[in-house]
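Q: Take the sequence shown: its letter number 26 is residue 26 in the numbering used here, and every next letter is one higher.
Honestly, the hints are just simulated from the structure, not real lab data. Watch out, some of these pointers could steer you wrong.
Claimed, not checked - Here are the simulated PhoX-like cross-link-like pairs (lysine-lysine), alpha carbons at most 20 Å apart as the crow flies:
#	residue 1	residue 2
1	Lys-116	Lys-96
2	Lys-39	Lys-49
3	Lys-85	Lys-96
4	Lys-96	Lys-122
5	Lys-39	Lys-81
6	Lys-128	Lys-116
7	Lys-96	Lys-86
8	Lys-96	Lys-81
9	Lys-39	Lys-20
10	Lys-98	Lys-85
11	Lys-86	Lys-126
12	Lys-128	Lys-98
13	Lys-81	Lys-98
14	Lys-81	Lys-128
15	Lys-86	Lys-128
16	Lys-126	Lys-98
17	Lys-98	Lys-86
18	Lys-90	Lys-126
Unchecked claim - Here are the computed distance ranges between Cβ atoms for each label pair:
#	residue 1	residue 2	range
19	Tyr-83	Asn-125	21 to 27 Å
20	Lys-12	Thr-66	45 to 51 Å
21	Gly-52	Ile-8	45 to 51 Å
A virtual CB, placed ideally from N, CA and C, is assigned to each residue, including glycine.
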Amino acid sequence: MNDETISIKGVKKELYNTIKDIAKTTGKTIGEITNEAYKLFVSTASGIKETGEQFVQGLKESQFLTISNIDNLEISGVEIKSYGKKVLFKNINILKLKEITQEDFNNYVVSIINVKRLEIPKTLNKLKVLEISRFIGEIVLIE
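Whenever a hint applies, use it, and build me the whole structure from the sequences.
A: Structure (structure tokens):
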């Protein structure tokens, strides 16, 4: 055991007294209690860092493509699906989604916002389309 004395400035008196009481109750020294607290803090901080890194990686992987500020766009389900990530459509005058299955729509279209005229296949469930849509002027069903 190392008997070196280390002074730590800035420890609050109430906190020090609490640690002192814990040491008395457990039969340990203030140094032992403090070392255990440091070990716990370091292991927790390492876990937080790892969790944070995993969160950032997941966020990067879940990013989606935003297509916006277009007058007239016609895009097929094959094009959307082949991109491989979710797509958000916004600020488009006329958006025509053609030949897209309900499954591909659910999996790849994250949101449709501020579209004056939205043209969708009759095979799509309008409620599913409306669920992810905001500020749509009109919806037109197409073959």
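Q: Would you mind marking each hint as holding or not holding in the structure?
A: Structure-based check of each hint:
1. Lys-116 / Lys-96: Holds, at roughly 11 Å.
2. Lys-39 / Lys-49: Holds: Lys-39 and Lys-49 sit about 15 Å apart, inside 20 Å.
3. Lys-85 / Lys-96: holds, 19 Å
4. Lys-96 / Lys-122: Holds, because 12 Å separates the two Cα atoms, which is no more than 20 Å.
5. Lys-39 / Lys-81: violated, 49 Å
6. Lys-128 / Lys-116: Holds, because 18 Å separates the two Cα atoms, which is no more than 20 Å.
7. Lys-96 / Lys-86: Answer holds: Lys-96 to Lys-86 is near 17 Å, not above 20 Å.
8. Lys-96 / Lys-81: holds, 15 Å
9. Lys-39 / Lys-20: holds, 18 Å
10. Lys-98 / Lys-85: holds, 18 Å
11. Lys-86 / Lys-126: holds, 19 Å
12. Lys-128 / Lys-98: holds, 16 Å
13. Lys-81 / Lys-98: Within the cut-off at roughly 12 Å; holds.
14. Lys-81 / Lys-128: holds, 18 Å
15. Lys-86 / Lys-128: The hint holds at about 15 Å.
16. Lys-126 / Lys-98: Given that 20 Å is the threshold and the Cα spacing comes to 14 Å, the pair holds.
17. Lys-98 / Lys-86: At roughly 17 Å apart (the allowed maximum being 20 Å), Lys-86 and Lys-98 satisfy the hint.
18. Lys-90 / Lys-126: At roughly 18 Å apart (the allowed maximum being 20 Å), Lys-126 and Lys-90 satisfy the hint.
19. Tyr-83 / Asn-125: 21 to 27 Å: holds, 22 Å
20. Lys-12 / Thr-66: 45 to 51 Å: holds, 48 Å
21. Gly-52 / Ile-8: 45 to 51 Å: About 27 Å separates the Cβ atoms of Gly-52 and Ile-8, which means 45 to 51 Å is violated.
Consistency with the previously given hints fails for numbers 5 and 21, ordered from lowest to highest.
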